[in-house]
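Here is how the chains run, residue by residue.
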Amino acid sequence: MTDERKPRVAVHKFSSCDGCQLAFLNLGPDLLRLAELVEIVHFAEAGPSNPDADVDIAFIEGSVSTPDERERLRRIRAHSGFLVTIGACATSGGLQALRNLRDSESEWREAIYARPEYIDSLAHATAIREHARVDLELWGCPVDGRQVLAAVRALLFGVPPVEERDKVCLECKRHQTVCVMVARGEPCMGPVTRTGCGALCPRFGRDCYACYGPAEGANTTSLAHRFEGLGLAPEAVARRFHFIHSGQEPFTGAGNEAAGIIPGKAR
Amino acid sequence: MTDPYLPREAEILERVDEAGSIFSLRLALTDPRARADYAFAPGQFNMVYLFGVGEVPISVVRLRGEDADFAHTIRPVGRVTRAMAELRAGDRLGIRGPFGRGWPLELAEGGDVVVITGGLGCAPAVTVVHHVLANRERFGRLVIMQGVKHSDDLIWAEQYARWREAPDTRVLLAADQARPGWTGQQGLITTLFDQAEFDRGRATVMMCGPEPMMVASARRLVDDGVEAGRIWLSMERNMQCAAGHCGHCQFGPRFVCRDGPVFHYPEVAGLLGVRGF
Amino acid sequence: MSIYGFLHRSALKQLPECLNEAGYRCIGPRVREGAVTFGELTSIDDLPRGVGDEQRPAHYRLGEREDERLFAWAVGPQGLKSWLFTPRETLWRSRRDDDGRLYFETGSPADDRPLAAIGVRACDLAALRLQDAHFLEREPDPGYRKRRAGLFLVAVDCTHPAETCFCHSTGDGPACESGFDLALHELDDGFIVHAGSEAGERVAARLPLLPVGEEQEAARRDQQRAAIDAQQRALPGRNLRDALFANLDHERWQAVAERCLSCANCTSVCPTCFCHSHEEVPDLDGRTSEHLRQWDSCFTEGHSYIHGIVIRAETPERYRQWLTHKLGSWHDQYGRSGCVGCGRCITWCPVGIDLTEEATVICAEAGDD
Chain A
1 MTDERKPRVA
11 VHKFSSCDGC
21 QLAFLNLGPD
31 LLRLAELVEI
41 VHFAEAGPSN
51 PDADVDIAFI
61 EGSVSTPDER
71 ERLRRIRAHS
81 GFLVTIGACA
91 TSGGLQALRN
101 LRDSESEWRE
111 AIYARPEYID
121 SLAHATAIRE
131 HARVDLELWG
141 CPVDGRQVLA
151 AVRALLFGVP
161 PVEERDKVCL
171 ECKRHQTVCV
181 MVARGEPCMG
191 PVTRTGCGAL
201 CPRFGRDCYA
211 CYGPAEGANT
221 TSLAHRFEGL
231 GLAPEAVARR
241 FHFIHSGQEP
251 FTGAGNEAAG
261 IIPGKAR
Chain B
1 MTDPYLPREA
11 EILERVDEAG
21 SIFSLRLALT
31 DPRARADYAF
41 APGQFNMVYL
51 FGVGEVPISV
61 VRLRGEDADF
71 AHTIRPVGRV
81 TRAMAELRAG
91 DRLGIRGPFG
101 RGWPLELAEG
111 GDVVVITGGL
121 GCAPAVTVVH
131 HVLANRERFG
141 RLVIMQGVKH
151 SDDLIWAEQY
161 ARWREAPDTR
171 VLLAADQARP
181 GWTGQQGLIT
191 TLFDQAEFDR
201 GRATVMMCGP
211 EPMMVASARR
221 LVDDGVEAGR
231 IWLSMERNMQ
241 CAAGHCGHCQ
251 FGPRFVCRDG
261 PVFHYPEVAG
271 LLGVRGF
Chain C
1 MSIYGFLHRS
11 ALKQLPECLN
21 EAGYRCIGPR
31 VREGAVTFGE
41 LTSIDDLPRG
51 VGDEQRPAHY
61 RLGEREDERL
71 FAWAVGPQGL
81 KSWLFTPRET
91 LWRSRRDDDG
101 RLYFETGSPA
111 DDRPLAAIGV
121 RACDLAALRL
131 QDAHFLEREP
141 DPGYRKRRAG
151 LFLVAVDCTH
161 PAETCFCHST
171 GDGPACESGF
181 DLALHELDDG
191 FIVHAGSEAG
201 ERVAARLPLL
211 PVGEEQEAAR
221 RDQQRAAIDA
231 QQRALPGRNL
241 RDALFANLDH
251 ERWQAVAERC
261 LSCANCTSVC
271 PTCFCHSHEE
281 VPDLDGRTSE
291 HLRQWDSCFT
301 EGHSYIHGIV
311 IRAETPERYR
321 QWLTHKLGSW
331 HDQYGRSGCV
341 GCGRCITWCP
351 VGIDLTEEAT
361 VICAEAGDD
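Chains as they are written, first to last, in my numbering: chain A, 1 to 267; chain B, 1 to 277; chain C, 1 to 369.
Source of the hints: derived by calculation from the structure; they are not laboratory data.
Computed from a predicted model, the values in this text were never measured in an experiment.
There may be inaccurate statements among the hints.
Calculated lysine to aspartate or glutamate pairs in the EDC-like style (CA-CA distance at most 20 Å, straight line) [unchecked claim]:
id, chain 1, residue 1, chain 2, residue 2
1, A, 6, C, 285
2, A, 6, C, 214
3, A, 6, C, 290
4, C, 13, C, 201
5, C, 146, B, 3
6, C, 13, C, 188
Turn these sequences into a full structure, and let the hints guide you.
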């Protein structure tokens, strides 16, 4: 990417709420500067549509939930140099992966849709990495604009982006935020959650709900035990771990253990 | 007061591709006065800054052991050093340094010098060889021992061949696994020690390489009668500030960036090789 | 003879006024987000009047008191550390021009006015001496030095230690012995004021001090005695270095790691922990870049990373690094333990790990001192 032509960038959508694409659009003036540095060839939500174009960097939002998406991802991978997943859905399966926990996919379909025969979905909603090689994963629900720009900048310099793997607590303390768990008894997921959001929730007085997924070396067993000590019922502890990233270990296992789910049997 | 954190601009005067992916950059500070004042001791390091990417600690050497200014021999292993592999003559870097304590070259004068290295070449130790060869009359025998995991890993074979021709110099090579035709020893580096002729009582040993190799070598040398106090080794740890402040390079009570990177073996013997330190 | 007198409660408001007039920016304890933390003081009314606290492992709550006391609480999550060794700071900025030339300039602190800190406890004075030793001796740290140079310290004796406090066992409190410009001891109706430096004398001379009465002296002694007696925790010795390093294979490291979240809350609230990492933040256009430093911790993976290897990949090794450094190798580095007994790491550990308990178990057999 050191040649003269501008690097080409695509932003693709899979099963998702579009929130991560909005994080792009919400970059404001930085989006305009970004557009000067790269050529955005595909970003349907913002206008340009050319899904099969060859690109240097492809950003992917959303999980793989349908046979069509599986096929589309294969084509994108073949046309993309550096593939970045953005957000919880693309990176771990996201909220919709909750349905993987129960063997109820058809049951839901019948209950929700008037004409379920038109719905063609896979048995499980899964992360992009389950289907294609991923070069970088940016976590969060939604993804953080600062991390997206830092990744682009690093790639423009020809270096791999820095991966942030520490826990939210460290960043929370850098902001001198008072710990909501210790001072208020809130069941904060910060001690097991990956940093990157700037400790956004605790800074606004609420507990982290782990939208950035597990940090390196996350001790979910100890935190789950602590949540019980704070008075959370087992199902509530399970929900803390399964909320956004039920498809990502060690959160999957921690939630299952709290809820008494034996993997394999429930599916 | 000088700011220990502020880099100075340096220009790459020359790039040399060494063996494999290893390359050397000869550099000069662009401020003429700073360039004239720049001095380093073998074994010290600089913090080398690549614009917008980051800083890494790299041992300072002199290219070919004699050229002016200073150089860095770099193996692309991390994010910053891989990006540095793209650099060419004329490109600019930021330099902070030199930092740390270098080799005890004055203390070693008058006796034999034993240089023990392991792994894929070892820039800090190369400066010792250069220094001894440049000041040959001040030292006794020079014994260079290099160990590699596999004979294919040996780089700078030409350099070893050249050193072998130097006066009163012995080069011994060992490969744990050797391909047919390997002329060195087969085995760990310590298997070379019996062939190495040097005065166990008056030699100074300087080591650089993987810690398990340095631990094994130091223990074996002490068993062979070398005083622990005559063994020195160069250590590596995460270094970010180079001023003894950031805390990453701590090795027990020592700050590797400030108290080292070259240590007297007795200073570090207690924790050397202990997992987690 | 240094100035020593009694300041009536109603006259304390003159203290920040005097300091402001002398050019200081005042900080002091304030209630924020349910805790006592240091913040800008505009007047004495900002102080936590009638506020008490309840602390135990992993637990901190404020409560109301029946009286008007301003300092009837033990230290909150933050001491002076963040004001001198800032959580995030720009070390330098660089610029690259079209010819590839590089230009560097130092990062400059946001506010240059000297700081006066009101309400600093003995444990934090001890911690300050340790941070001074780390950041000012040998290679002085420019940012720290600048902020420290103008610092005016109004210390306050601790009269209400928390259940997690153990400064008496480390020899650092609860009373303030030295290292301050002014020291206050709070009584029901006011403060015994004691100047500890020339700058302190100058400020004290402007306060309406009265002679200290016998009864006030007696009340002070009683409070100091009670503050010592109230401390329930203790480290098993002042120098645990040899005991810790003799027990590097103790099974307790594994046991504590099963609870430890490796989340860096302990090191972040610790007033002596100094580890920080460097980070490069280039501007999007690639022409300028900032080189920052920010608080780091020996509990992170990145702390011990060198080219592809993490030296302390597992939590037992990280906890062991912390404890053997804090209570062990600090003695070699700075002539004393790195623990000042403030108890913050116990209160603010989300799972309530108690370093006095861990140290006691690990050092049990080897003995100490």
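Structure-based check of all given hints:
no. : hint           : in the structure
1   : 6(A) / 285(C)  : 13 Å, holds
2   : 6(A) / 214(C)  : 82 Å, violated
3   : 6(A) / 290(C)  : 24 Å, violated
4   : 13(C) / 201(C) : 18 Å, holds
5   : 146(C) / 3(B)  : 12 Å, holds
6   : 13(C) / 188(C) : 16 Å, holds
In the structure shown, a violation is registered for the earlier hints numbered 2 and 3, in ascending order.
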